[in-house]
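Asker: Work out the full structure, taking the sequences as your base and the hints as a guide.
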Amino acid sequence: MKEIITMWKNTRMIILVALSAAIYAAFLIVFKGGIPIVPGITEVRPANVFPPVFGLLFGPAGAWGAAIGNFIGDLFGGTLGIGSIFGFFGNFFLGFIPYKMWGATFGLVKKDDMSQTTDNVSKIIAFELVALVSSAACAIIIAWYLDIAAIVPFAFLSITITVNNFAAAFILGPILLVLLYPRVKRWGLIWTDIMNKEDVGKAYGKTLGSILMIIGSLGGLIVGILVAVGAAGQELYGFAGQQGQAAVWLSVLPFLLMILIASLMLSGREQFVEVMEEEEI
Amino acid sequence: MDSEIYLDNNSFIHRLDPRVKIIIFLLTFVAILLFENPLWMLPIMVLILIQLFVSGAVKNLRRIRYILIVLTVSSLILWNLFSTGETQLFWRISLESMLFAIARTMLMVLMISTGMILISSTRNEELINGMIKLGMPYRVGFAISTALRLVPTIASSTVTISQAQRSRGLDLESGSIFERIKKFLPLLVPVFISTIRSTNIFGMALESKGFGAREDRTFYLEFTMGTADYIVLTLSILFVLASIYFAISGYGRIDGLIRF
Numbered sequence: 465m466k467e468i469i470t471m472w473k474n475t476r477m478i479i480l481v482a483l484s485a486a487i488y489a490a491f492l493i494v495f496k497g498g499i500p501i502v503p504g505i506t507e508v509r510p511a512n513v514f515p516p517v518f519g520l521l522f523g524p525a526g527a528w529g530a531a532i533g534n535f536i537g538d539l540f541g542g543t544l545g546i547g548s549i550f551g552f553f554g555n556f557f558l559g560f561i562p563y564k565m566w567g568a569t570f571g572l573v574k575k576d577d578m579s580q581t582t583d584n585v586s587k588i589i590a591f592e593l594v595a596l597v598s599s600a601a602c603a604i605i606i607a608w609y610l611d612i613a614a615i616v617p618f619a620f621l622s623i624t625i626t627v628n629n630f631a632a633a634f635i636l637g638p639i640l641l642v643l644l645y646p647r648v649k650r651w652g653l654i655w656t657d658i659m660n661k662e663d664v665g666k667a668y669g670k671t672l673g674s675i676l677m678i679i680g681s682l683g684g685l686i687v688g689i690l691v692a693v694g695a696a697g698q699e700l701y702g703f704a705g706q707q708g709q710a711a712v713w714l715s716v717l718p719f720l721l722m723i724l725i726a727s728l729m730l731s732g733r734e735q736f737v738e739v740m741e742e743e744e745i
Numbered sequence: 013m014d015s016e017i018y019l020d021n022n023s024f025i026h027r028l029d030p031r032v033k034i035i036i037f038l039l040t041f042v043a044i045l046l047f048e049n050p051l052w053m054l055p056i057m058v059l060i061l062i063q064l065f066v067s068g069a070v071k072n073l074r075r076i077r078y079i080l081i082v083l084t085v086s087s088l089i090l091w092n093l094f095s096t097g098e099t100q101l102f103w104r105i106s107l108e109s110m111l112f113a114i115a116r117t118m119l120m121v122l123m124i125s126t127g128m129i130l131i132s133s134t135r136n137e138e139l140i141n142g143m144i145k146l147g148m149p150y151r152v153g154f155a156i157s158t159a160l161r162l163v164p165t166i167a168s169s170t171v172t173i174s175q176a177q178r179s180r181g182l183d184l185e186s187g188s189i190f191e192r193i194k195k196f197l198p199l200l201v202p203v204f205i206s207t208i209r210s211t212n213i214f215g216m217a218l219e220s221k222g223f224g225a226r227e228d229r230t231f232y233l234e235f236t237m238g239t240a241d242y243i244v245l246t247l248s249i250l251f252v253l254a255s256i257y258f259a260i261s262g263y264g265r266i267d268g269l270i271r272f
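Chains A and B, in that order, are what the protein sequence lines are.
Converting from the first sequence to this note's numbering requires adding 464 to each position, the first position being numbered 1.
Converting from the second sequence to this note's numbering requires adding 12 to each position, the first position being numbered 1.
A couple of the hints might just be wrong.
[To be verified] Calculated lysine-lysine pairs in the DSS-like style (CA-CA distance at most 30 Å, straight line):
{"id": "1", "chain 1": "A", "residue 1": "Lys-473", "chain 2": "A", "residue 2": "Lys-575"}
{"id": "2", "chain 1": "A", "residue 1": "Lys-649", "chain 2": "A", "residue 2": "Lys-574"}
{"id": "3", "chain 1": "A", "residue 1": "Lys-649", "chain 2": "B", "residue 2": "Lys-195"}
{"id": "4", "chain 1": "A", "residue 1": "Lys-666", "chain 2": "A", "residue 2": "Lys-575"}
{"id": "5", "chain 1": "A", "residue 1": "Lys-473", "chain 2": "B", "residue 2": "Lys-195"}
{"id": "6", "chain 1": "A", "residue 1": "Lys-574", "chain 2": "A", "residue 2": "Lys-666"}
{"id": "7", "chain 1": "A", "residue 1": "Lys-466", "chain 2": "A", "residue 2": "Lys-574"}
{"id": "8", "chain 1": "A", "residue 1": "Lys-575", "chain 2": "A", "residue 2": "Lys-661"}
{"id": "9", "chain 1": "A", "residue 1": "Lys-466", "chain 2": "B", "residue 2": "Lys-195"}
{"id": "10", "chain 1": "A", "residue 1": "Lys-666", "chain 2": "A", "residue 2": "Lys-649"}
{"id": "11", "chain 1": "B", "residue 1": "Lys-145", "chain 2": "B", "residue 2": "Lys-221"}
{"id": "12", "chain 1": "B", "residue 1": "Lys-194", "chain 2": "A", "residue 2": "Lys-466"}
{"id": "13", "chain 1": "B", "residue 1": "Lys-194", "chain 2": "A", "residue 2": "Lys-574"}
{"id": "14", "chain 1": "A", "residue 1": "Lys-466", "chain 2": "A", "residue 2": "Lys-649"}
{"id": "15", "chain 1": "A", "residue 1": "Lys-575", "chain 2": "A", "residue 2": "Lys-649"}
{"id": "16", "chain 1": "B", "residue 1": "Lys-145", "chain 2": "A", "residue 2": "Lys-649"}
{"id": "17", "chain 1": "A", "residue 1": "Lys-661", "chain 2": "A", "residue 2": "Lys-574"}
{"id": "18", "chain 1": "A", "residue 1": "Lys-649", "chain 2": "A", "residue 2": "Lys-661"}
{"id": "19", "chain 1": "A", "residue 1": "Lys-473", "chain 2": "B", "residue 2": "Lys-194"}
{"id": "20", "chain 1": "A", "residue 1": "Lys-649", "chain 2": "B", "residue 2": "Lys-221"}
{"id": "21", "chain 1": "A", "residue 1": "Lys-473", "chain 2": "A", "residue 2": "Lys-649"}
{"id": "22", "chain 1": "B", "residue 1": "Lys-221", "chain 2": "A", "residue 2": "Lys-661"}
{"id": "23", "chain 1": "A", "residue 1": "Lys-666", "chain 2": "A", "residue 2": "Lys-466"}
{"id": "24", "chain 1": "A", "residue 1": "Lys-473", "chain 2": "A", "residue 2": "Lys-661"}
{"id": "25", "chain 1": "A", "residue 1": "Lys-473", "chain 2": "A", "residue 2": "Lys-666"}
{"id": "26", "chain 1": "A", "residue 1": "Lys-466", "chain 2": "A", "residue 2": "Lys-575"}
{"id": "27", "chain 1": "A", "residue 1": "Lys-661", "chain 2": "A", "residue 2": "Lys-466"}
Source of the hints: derived by calculation from the structure; they are not laboratory data.
Answerer: Given below as structure tokens:
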């Protein structure tokens with residue numbers, strides 16, 4: 465995770481944070497209503513395609529951009545509140561997980577071509593996987609806190625955010641990446657072309673890290689919902705009635721820790737392979 | 013867009029140091045979250061209402077009234093469904109769940125109001141400068157303030173591109189959800205490309221002016237805490253400490269409430 469700090473040394477990475485935040489916020493504001501799935505409850509926000517795309521193209525700058533962009537969206541939209549704080553962290557992970565997991569998608573992205581685009585079927589599947597995992601991670605981070613604070617119930621919000629995040633990324637993400645990657649690459653703005661490999665944290669068991677990330681995100685979502693609705697979890701964990709909130713809090717917490725540990729295990733260094741080859745030539 | 017949210021008034025709240033306003037903003041969140049009984053939330057509600065009227069932020073709140081109405085209605089329904097109590101009123105609604113739903117709705121609306129007071133009475137540069145003075149690294153502050161300045165430009169070019177594409181026959185309102193999402197592609201790509209392509213020139217311009225050369229930087233905009241700032245800050249801290257004391261002592265709960 466070292467790179468989320470070291471990137472602030474680099475002027476171009478700082479500018480990419482600002483620009484990606486501004487693009488994300490602008491789309492959030494202009495298309496605030498989104499496309500309703502269930503009117504008044506769930507909508508698809510087209511802007512939500514940006515965090516995973518930014519994450520893959522701009523690495524840590526994309527993650528910070530997503531976090532700051534969401535915060536600015538709240539600021540301009542007049543919905544700045546306590547939710548904005550965890551919205552910041554949730555959206556950070558929405559951009560962070562894709563670039564961390566990209567090189568650890570169980571062989572879907574080959575070692576000899578780690579380019580952050582979706583120019584073949586296996587990379588499209590890899591993109592959908594990282595987009596789904598990051599959508600769920602973002603959802604449980606925000607919903608977990610808002611449930612503890614008793615602002616919005618977990619069972620309601622976690623599903624809503626996962627659907628909102630993933631729907632746009634699922635449909636638009638692969639097309640957007642394949643269109644944008646060649647241009648961004650030509651301008652020398654892919655994060656692996658800007659940052660030094662040494663400034664990126666080392667990997668400690670990539671595959672295990674990836675598995676932990678998937679369990680942490682999707683498992684946390686499923687278990688959290690089960691406990692929240694009381695289908696099985698409340699009996700399983702022995703909480704009921706007044707302690708219902710504690711049940712959700714305790715059941716989701718280990719999964720959040722898993723996401724954090726996985727973030728430390730995964731790297732992103734492996735994506736520097738192209739640069740190394742060019743240097744060797 | 014900035015000028016639309018920020019209100020160029022000269023109220024008492026406008027004149028407070030941005031650092032004080034940021035701290036009050038955070039303290040208010042703590043105070044709001046302490047109680048589950050709406051009656052115990054009344055003091056903080058009164059304080060927020062006074063700030064809303066003094067700063068004039070109530071005008072901005074009126075602009076987002078539809079969001080507030082949707083939030084209020086959905087919150088009242090949802091929290092009644094996610095809680096119950098001993099005193100049954102009708103259907104699945106009990107007196108305790110009703111009180112709890114009212115408190116949660118108040119909480120959400122008050123939080124939005126608090127945010128609105130801050131951004132209606134503080135300019136972007138003051139807000140960022142205040143955050144930097146409170147310990148945020150200036151590089152992060154620069155990224156946020158640049159993004160804040162760019163948002164109106166990008167939002168307006170998004171609207172222009174949207175109108176241009178609509179005039180060419182793009183219809184964002186029809187078709188299945190799948191088709192409608194795909195229709196956003198002709199908007200996303202030009203906005204992204206036109207914004208990101210300036211990164212290298214932007215970087216060169218900044219570095220030529222010495223950006224990042226030193227760990228610290230100086231600012232044209234400097235603040236000094238006045239007597240009013242210290243008084244307001246002290247009173248706010250005392251208010252929150254008193255609220256914490258009452259909450260720890262067991263006040264502000266709803267007896268008989270069962271939350272799922």
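Asker: For every hint, state whether the structure bears it out.
Answerer: A quick look at each hint next to the structure:
1. Lys-473(A) x Lys-575(A): Status holds; Cα separation ~28 Å.
2. Lys-649(A) x Lys-574(A): holds (19 Å)
3. Lys-649(A) x Lys-195(B): Since the Cα atoms of Lys-649(A) and Lys-195(B) sit roughly 25 Å apart, the hinted pair holds (cutoff 30 Å).
4. Lys-666(A) x Lys-575(A): The given pair, whose Cα atoms are some 17 Å apart, holds under the 30 Å limit.
5. Lys-473(A) x Lys-195(B): violated (38 Å)
6. Lys-574(A) x Lys-666(A): holds (19 Å)
7. Lys-466(A) x Lys-574(A): holds (24 Å)
8. Lys-575(A) x Lys-661(A): holds (16 Å)
9. Lys-466(A) x Lys-195(B): Violated, at about 38 Å.
10. Lys-666(A) x Lys-649(A): holds (24 Å)
11. Lys-145(B) x Lys-221(B): Holds, at about 22 Å.
12. Lys-194(B) x Lys-466(A): violated (36 Å)
13. Lys-194(B) x Lys-574(A): holds (28 Å)
14. Lys-466(A) x Lys-649(A): Holds, at roughly 23 Å.
15. Lys-575(A) x Lys-649(A): holds (18 Å)
16. Lys-145(B) x Lys-649(A): Status violated; Cα separation ~37 Å.
17. Lys-661(A) x Lys-574(A): Satisfied, since the Cα-Cα distance of roughly 19 Å is no more than 30 Å.
18. Lys-649(A) x Lys-661(A): holds (17 Å)
19. Lys-473(A) x Lys-194(B): violated (37 Å)
20. Lys-649(A) x Lys-221(B): holds (27 Å)
21. Lys-473(A) x Lys-649(A): Within the cut-off at roughly 21 Å; holds.
22. Lys-221(B) x Lys-661(A): It holds: about 27 Å lies between the C-alpha atoms, which stays within 30 Å.
23. Lys-666(A) x Lys-466(A): With Cα atoms ~8 Å apart, Lys-666(A) and Lys-466(A) stay inside 30 Å; holds.
24. Lys-473(A) x Lys-661(A): holds (14 Å)
25. Lys-473(A) x Lys-666(A): holds (19 Å)
26. Lys-466(A) x Lys-575(A): Cα-Cα ~22 Å, so holds.
27. Lys-661(A) x Lys-466(A): holds (11 Å)
In this structure, the earlier hints numbered 5, 9, 12, 16 and 19 are contradicted, and the remaining ones agree with it.
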